[in-house]
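Heads up: the sequence lines are chains A and B, in that order.
Residue numbers for the first sequence, in UniProt numbering: 1 to 463.
Residue numbers for the second sequence, in UniProt numbering: 1 to 463.
Among the hints, a few may not be true.
For chains that are exact copies, the list does not tell them apart, and a pair is met inside one copy or across any two.
For lysine-lysine, the following DSSO-like pairs were computed, each having C-alpha atoms within a straight-line distance of at most 27 Å [claimed, not checked]:
id: 1; residue 1: K314; residue 2: K250
id: 2; residue 1: K199; residue 2: K73
id: 3; residue 1: K400; residue 2: K445
id: 4; residue 1: K371; residue 2: K250
id: 5; residue 1: K400; residue 2: K309
id: 6; residue 1: K413; residue 2: K390
id: 7; residue 1: K199; residue 2: K443
id: 8; residue 1: K73; residue 2: K232
Since the hints were made in silico from the structure, they are not lab data.
Number of protein chains: 2
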Amino acid sequence: MEYAVRGPIVTRAGEIEAELARGVTKDFAEVIRANIGDCHATGQQPLTFLRQVLALCVSPDLMVDPHFPSDAKDRAQRILNGCGGKSLGSYSDSAGVQIIRKDVADYISKRDGQSASFEDIFLSAGASDGIKTILKLLMTGKAGNERAGIMIPIPQYPLYTATIAEYNAYPVGYYLDEDNNWGLSIAELERSLAASSSKCIPRAIVIINPGNPTGQVLSRKNIEDIIKFAKKENLFILADEVYQHNVYAKDCEFFSFKKVLTEMGPEYKDMELASFMSTSKGYMGECGMRGGYFEVIGLDPKVRELLIKSISAKLCSPVTGQALLDVVVNPPKPGEPSHDRFIQEKESVLGQLFEKAALTSETYNSIEGIKCNTVQGAMYAFPRIFLPEKAIKAAEAEGKAPDFFYCSQLLEKTGICVVPGSGFGQVPGTYHFRSTILPPVPKLKEMMSLFRDFHINFMKEFN
Amino acid sequence: MEYAVRGPIVTRAGEIEAELARGVTKDFAEVIRANIGDCHATGQQPLTFLRQVLALCVSPDLMVDPHFPSDAKDRAQRILNGCGGKSLGSYSDSAGVQIIRKDVADYISKRDGQSASFEDIFLSAGASDGIKTILKLLMTGKAGNERAGIMIPIPQYPLYTATIAEYNAYPVGYYLDEDNNWGLSIAELERSLAASSSKCIPRAIVIINPGNPTGQVLSRKNIEDIIKFAKKENLFILADEVYQHNVYAKDCEFFSFKKVLTEMGPEYKDMELASFMSTSKGYMGECGMRGGYFEVIGLDPKVRELLIKSISAKLCSPVTGQALLDVVVNPPKPGEPSHDRFIQEKESVLGQLFEKAALTSETYNSIEGIKCNTVQGAMYAFPRIFLPEKAIKAAEAEGKAPDFFYCSQLLEKTGICVVPGSGFGQVPGTYHFRSTILPPVPKLKEMMSLFRDFHINFMKEFN
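So here's chain A without its partners, still in its complex pose (with noise of 0.2 Å):
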């Protein structure tokens, strides 16, 4: 079990934050995490009206204070209301505060022009906890051929081979088309379940969407035929869609899972589906609260008495989170005092983000090397590195993956910290890292400046 987003390169970052602040002298003097989604480490602020409300649904002493702005107030004392003893620190029904749920499915009719019901939606400790729930369901408990198999992208992000592996699933695994802007073709989804078959029953197939960490957005009619495909296979589909509210590229828009399905017709109203989403992404970033939800249509009634059993031993996600979550999904309404400032702040950050989007991919493309697809989406650009064959076997001199080779002498010789490829999986014999594009404009300037210049210098030495 590996999980490269906090893997040995990101361990080496920490030490070396420690050696700098101890004055070991380096060429650099600080690292700049690109590594991992952590929108507000890397300086993104909190929007006030998340916190005020959390705030006050903490402290209730804070609802006679007037700077605090009504709507916050009522958002607050309705979610407390639906809290054992109006308190955030009594236990929720394992599925989550009712009304929160309710305010979701809200959300994602609104979202979908299609009805969603609040006893679909469970609330979760962040999407990694959902998506862990609903893979162990679809788990077979038995070994060899008979194991589940779980259909992942490659690339993809490491939750997914982490919990396969640990409930002893066997993935799947279906590449991504590099040169199709990381597009999703059928003719390989049938390709890697044929090369499959005999090693497992296959019952899931997970689709990220927008793409971590290659940041593609699905057209319309690539998600439709990925539900005629996951139809004919009976497939159980896992939509990751943490980052819908993540779309940069002009002519891309996201779809959900559960709006294509839905519309697709009575043909495909019995699949089973489950939908995630996150409060630690969007324009939020609030990943430490882990709040998140996931949404399951079509489960058969067993199943669906044995999901309410296993989630029954966590007790319930954090309520905190669930609070922060039900802003998310029931944000201020025009007219309402805090609108404006809102929609502000949200836009601000989204607006950041497209522009962070372009910068990264454009710099990529421009340092010869290197290989970068249109981030449209998500947080991440996943550009593709063309290495000499002498980094690569001074690499394998040393019992490294080039890529991890590659970004380790980044790390030692900048402070930037990306992933290596190999940590999200990769066609074999091509080379990619992960580096976010969440630093805030100056910073990530400097950093491709940083990494333009030890690239350059690389390649030197290795040509």
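With chain A fixed as given, assemble chain B onto it according to the hints.
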């Protein structure tokens, strides 16, 4: 997989509440929930200082508010300084914010008079999360008689049986001695281990002290004997010590397994031990915050590495819960502005629990056909009900466990919600229920009076 404290009786209690809200007439006006240790839901007020620090962490704008005391501000700033971007919205290290882990280590050092290292401290989403993490680590991943055997008390908290089932381990149940105030006898440990030696590979022993659902507090001598037994049998010790602040009986004192083990001398120093703590219990009762920690000592470095990998996939426990935990382990000191109020509020909660512990066991014992051990600690009574043969037959006729039948009738006739003993385990042919001691004193008195009338009528009906 069953989870009694969230089982069918509790589901039915929710339905009854909904019926009452709809205006359905019953013999009672409300459900009294004595099924789960959910302190705030039953009326306990959060401690002012805990919530002040958390509100300041959530909304640092409040640092300029003169209503907040300076020691709350100092602690909040110190916590924020330990967070990425000084925001609770950043991921922490998987093991938790380092300064908070250091404060936990100091707390343990002071509690035990024995040094503790922050590197052995892992912050978790409540104790349940930590317990699951450690149990998972102990699994062999094998089937049949090569499964990991985990010794657990009977009765026990259902998290243990649920997790053991989830990971396909083997539960080695040892009975607590009801006639000896739920004491733990080494002869019984030896008997239970011998009885399952052909069914599993024994790996660990779970001790809940103070006990849940039994409320007993182990003597130092008893703990020493358990440690000797674990050493002889080469067992990992899981010490569930979440009720360490909840000791009521005059002749009882809490000793941590870590303290006793360390004081037993160098011969024992290489033993493997994990101790679990939570912000949900004690005087805090902050269940919804999902704060907690575990300390783990004696781990093989390779196992330790595996532990760190396994927690990485969750990214981190909720940072709000971590912040709250920091205040619990580092409360106001004498002379600080909030000290006196903090102590007064803490003592008030613990004083009421002391009173309610005595009230509960005394009342149960005053009723014919009920026998209840002294509630020495924790938050529960686990009285034995001597059911008439006719009641047992009536239950069997309905396909129900006799204690489930009894608790169902109690709920339907009085609105009192407690959990049948069969959800925790009990000696076959004996019947119990678990009832919390949490309702406020007047409500608890009302509950005991309703209970007495119900029980007398039940016995009349079935005798």
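| field | Violated hints - listed by number, lowest first | value | 1, 2, 3, 7, 8
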